[in-house]
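Visitor: So you can see what is in the structure, the chains are spelled out below.
Number of protein chains: 2
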Amino acid sequence: MKKTTYTSPQDAEAAFYEALETGNLDAMMEVWAEDEELVCVHPGGPRLLGFDQVRASWAQMLGSGQRLQVRISDPVYMQGMMLSVHSLHEIIAVPGQARAQPVAAINVYLRTGTGWRMVAHHAAPVPQVPQQPAVETVAASPKILH
Amino acid sequence: MKKTTYTSPQDAEAAFYEALETGNLDAMMEVWAEDEELVCVHPGGPRLLGFDQVRASWAQMLGSGQRLQVRISDPVYMQGMMLSVHSLHEIIAVPGQARAQPVAAINVYLRTGTGWRMVAHHAAPVPQVPQQPAVETVAASPKILH
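Order-wise, the sequence lines are chains A and F. First residue of the first sequence? That's 0 in numbering that gives the first Met the number 0, and the numbers climb one at a time after it. First residue of the second sequence? That's 0 in numbering that gives the first Met the number 0, and the numbers climb one at a time after it.
By construction, these hints were calculated from the structure, which means they are not laboratory data. Virtual Cβ for every residue (Gly too), placed ideally from N, Cα, C. Each hint should be verified, as a subset may be incorrect.
Stated by the list, open to error - Partial selection, computed: residues in chain A whose CB lies under 8 Å from chain F: (1) Val-38; (2) Pro-45; (3) Arg-46; (4) Val-75; (5) Gly-79; (6) Met-81; (7) Val-84; (8) Ser-86; (9) Ala-103; (10) Val-107; (11) Leu-109; (12) Ala-119; (13) Ala-123; (14) Val-125; (15) Pro-126; (16) Gln-127.
Just chain A, with the same shape it has in the complex (with noise of 0.2 Å):
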């Protein structure tokens, strides 16, 4: 049973990556949808598939202990009636450690019933994150398809 109603994709995508630097599992299972097919590739990992692995994978990784820091950038949206697609880079940080890990992801979110919950999170190791990203006025004004 669902508590909170996204009305936006943006609203869910916030609350996913404040769930994943709190550590909160709750919060972040609360973000995916429940009844859909869902799909989730961690950095370096494999598919997963459905709301079971979905969860199991963020129990072990939220259940470390250790807190992240995430800075999302460079994002590009592709923005349907019933879909919304979030290219973006995730610069994660571990506090008291030097080196920040770039992640190239695509975040999908559906317009459900209790409004928009992501259905798909693809994360992927990526050599560097371009210094003077060619997109920030891409993530100004983000693309409208209705």
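Based on the hints, put chain F in the right spot on chain A.
Guide: What follows is chain F alone, placed relative to chain A:
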């Protein structure tokens, strides 16, 4: 100027993998949208943005003359009116080499004025592909969100 009209995301996807196997750059770029913001992550590579970067990367990959055999499995389809998201495994083999590299990919297609075209391809190497995928029934009966 696009010559081909793909009437479904599946048509565009079939053309994408045929171009990859045959090493045909023109056929590959025919699949991609022209005027939209494009995103492409090759396995282990950085995120590429826009038609020119995406074309240059395929020119390099397909121009080597090395032919690839690509087997697709375990597709999960998320289908909207304007956007279609496909998650799948690619089993990529180089003829003459023993070991095939499994890759988890997300392909995103957009309904344009000239049919469905690719706007994102996001691929990541995965440790293994499940022998008995749990999604066979999903693949046989794709979810339609119209």
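Visitor: Would you mind marking each hint as holding or not holding in the structure?
Guide: Evaluated hints:
1. Val-38: It holds, given that the least Cβ distance between A:Val-38 and chain F is near 4 Å, below 8 Å.
2. Pro-45: Holds: closest Cβ of chain F sits about 5 Å from A:Pro-45, inside 8 Å.
3. Arg-46: holds, 4 Å
4. Val-75: Nearest chain F Cβ about 5 Å off; hint holds.
5. Gly-79: holds, 4 Å
6. Met-81: A:Met-81 check passes; min Cβ-Cβ to chain F is 4 Å, inside 8 Å.
7. Val-84: This interface hint holds because 5 Å falls under the 8 Å limit.
8. Ser-86: Holds: closest Cβ of chain F sits about 4 Å from A:Ser-86, inside 8 Å.
9. Ala-103: holds, 4 Å
10. Val-107: For A:Val-107, the interface hint holds, since the closest Cβ of chain F sits about 5 Å away, which is under 8 Å.
11. Leu-109: Holds, about 7 Å.
12. Ala-119: Hint holds; A:Ala-119 Cβ to chain F Cβ min 6 Å, cut 8 Å.
13. Ala-123: holds, 4 Å
14. Val-125: holds, 5 Å
15. Pro-126: holds, 6 Å
16. Gln-127: holds, 6 Å
Against the hints set out earlier in the document, no violation occurs for any number.
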